[in-house]
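Listed below, chain by chain, are the residues.
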Amino acid sequence: QQQVKQSPQSLIVQKGGISIINCAYENTAFDYFPWYQQFPGKGPALLIAIRPDVSEKKEGRFTISFNKSAKQFSLHIMDSQPGDSATYFCAAYQGGSEKLVFGKGTKLTVNP
Amino acid sequence: DTAVSQTPKYLVTQMGNDKSIKCEQNLGHDTMYWYKQDSKKFLKIMFSYNNKELIINETVPNRFSPKSPDKAHLNLHINSLELGDSAVYFCASSQPRSGANVLTFGAGSRLTVL
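Protein sequences, first through last, are from chains F and E.
Going by our numbering, the first residue of the first sequence is number 1, and it counts up by one from there.
Going by our numbering, the first residue of the second sequence is number 1, and it counts up by one from there.
Some clues are possibly wrong.
Stated by the list, open to error - Stretch-level coverage of chain E by chain F, calculated; a stretch enters the list once three of its residues show a Cβ under 8 Å from a Cβ in chain F:
#1 18-31
#2 37-43
What the hints assert, rightly or not - No farther apart than 27 Å at their CA atoms in a straight line, the calculated lysine-lysine pairs in the DSS-like style are these:
#3 E:Lys-36 / F:Lys-42
#4 F:Lys-5 / E:Lys-40
#5 F:Lys-42 / E:Lys-22
#6 F:Lys-104 / F:Lys-42
#7 F:Lys-71 / E:Lys-67
#8 E:Lys-44 / F:Lys-5
#9 E:Lys-41 / F:Lys-42
#10 F:Lys-104 / E:Lys-9
#11 E:Lys-67 / E:Lys-44
#12 F:Lys-107 / E:Lys-67
#13 E:Lys-19 / F:Lys-107
#14 F:Lys-42 / E:Lys-9
#15 F:Lys-71 / E:Lys-41
#16 E:Lys-9 / F:Lys-107
#17 F:Lys-58 / F:Lys-107
#18 F:Lys-107 / E:Lys-36
#19 E:Lys-52 / E:Lys-40
#20 F:Lys-15 / E:Lys-9
#21 E:Lys-52 / F:Lys-99
#22 E:Lys-22 / F:Lys-104
#23 F:Lys-99 / E:Lys-22
#24 F:Lys-71 / E:Lys-44
#25 E:Lys-9 / F:Lys-68
#26 F:Lys-71 / F:Lys-58
Honestly, the hints are just simulated from the structure, not real lab data.
Each residue gets a CB set at the ideal place from its N, CA and C atoms; glycine is no exception.
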């Protein structure tokens with residue numbers, strides 16, 4: 001049972017373009033939605049996160065858009081750079097469960 | 001000053017052997033985790049401990065046995081290794097609170113079973 005569905009599996013974007021990764025969830029008890037970035041040979045690291053009472057959160061070139069009624073959220077990377085090339089994971093957390101559930105990941109390649 | 005450190009970084013071993021991976025965090029977090037990342041990059045939670053107490057035990061073969069001697073350490077012992085155990089194992093720690101749970105991951109331990 002996959003609780004968080006992520007798409008696309010891979011994404012190729014030209015430098016300066018916009019990268020968009022989408023996630024959907026079923027469990028309405030989730031109350032925290034982070035995105036993690038993982039470079040090859042490294043562990044995932046928190047990139048940006050949002051709570052469901054907010055529809056958008058922006059940090060630099062990274063923006064999360066959240067649609068509570070559709071149970072969907074997405075990561076937008078503006079002005080994508082080759083250094084953004086990594087695997088991105090969306091995740092969802094239900095307070096009290098201690099369990100962070102991850103999507104299957106999106107491998108982003110930004111061509112120079 | 002590494003926040004979450006795990007050893008060894010690489011493990012190559014034969015089927016049937018037993019191996020251990022160690023993890024330590026210096027963040028003062030109460031909760032520690034083991035995640036398995038397969039060749040398709042899927043991150044799956046295996047175990048979680050809160051202040052030395054097991055709180056999450058996913059559907060994992062009982063050949064895998066975690067142990068937390070104190071809240072800063074979480075080890076993973078694997079008996080009778082199988083080919084399918086080949087993966088990268090990540091240790092993580094966090095301090096869950098209402099409305100947020102930020103995990104800090106180690107660099108991973110790549111296990112290859114031949």
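Okay, the hints, checked on the actual structure:
no.	hint	result
1	18-31	violated (count 1)
2	37-43	holds (count 4)
3	E:Lys-36 / F:Lys-42	holds, 14 Å
4	F:Lys-5 / E:Lys-40	holds, 15 Å
5	F:Lys-42 / E:Lys-22	holds, 17 Å
6	F:Lys-104 / F:Lys-42	holds, 17 Å
7	F:Lys-71 / E:Lys-67	violated, 37 Å
8	E:Lys-44 / F:Lys-5	holds, 14 Å
9	E:Lys-41 / F:Lys-42	holds, 12 Å
10	F:Lys-104 / E:Lys-9	holds, 23 Å
11	E:Lys-67 / E:Lys-44	holds, 18 Å
12	F:Lys-107 / E:Lys-67	violated, 33 Å
13	E:Lys-19 / F:Lys-107	violated, 31 Å
14	F:Lys-42 / E:Lys-9	holds, 11 Å
15	F:Lys-71 / E:Lys-41	holds, 24 Å
16	E:Lys-9 / F:Lys-107	holds, 23 Å
17	F:Lys-58 / F:Lys-107	holds, 21 Å
18	F:Lys-107 / E:Lys-36	holds, 18 Å
19	E:Lys-52 / E:Lys-40	violated, 31 Å
20	F:Lys-15 / E:Lys-9	violated, 33 Å
21	E:Lys-52 / F:Lys-99	holds, 16 Å
22	E:Lys-22 / F:Lys-104	holds, 26 Å
23	F:Lys-99 / E:Lys-22	holds, 21 Å
24	F:Lys-71 / E:Lys-44	holds, 22 Å
25	E:Lys-9 / F:Lys-68	violated, 40 Å
26	F:Lys-71 / F:Lys-58	holds, 19 Å
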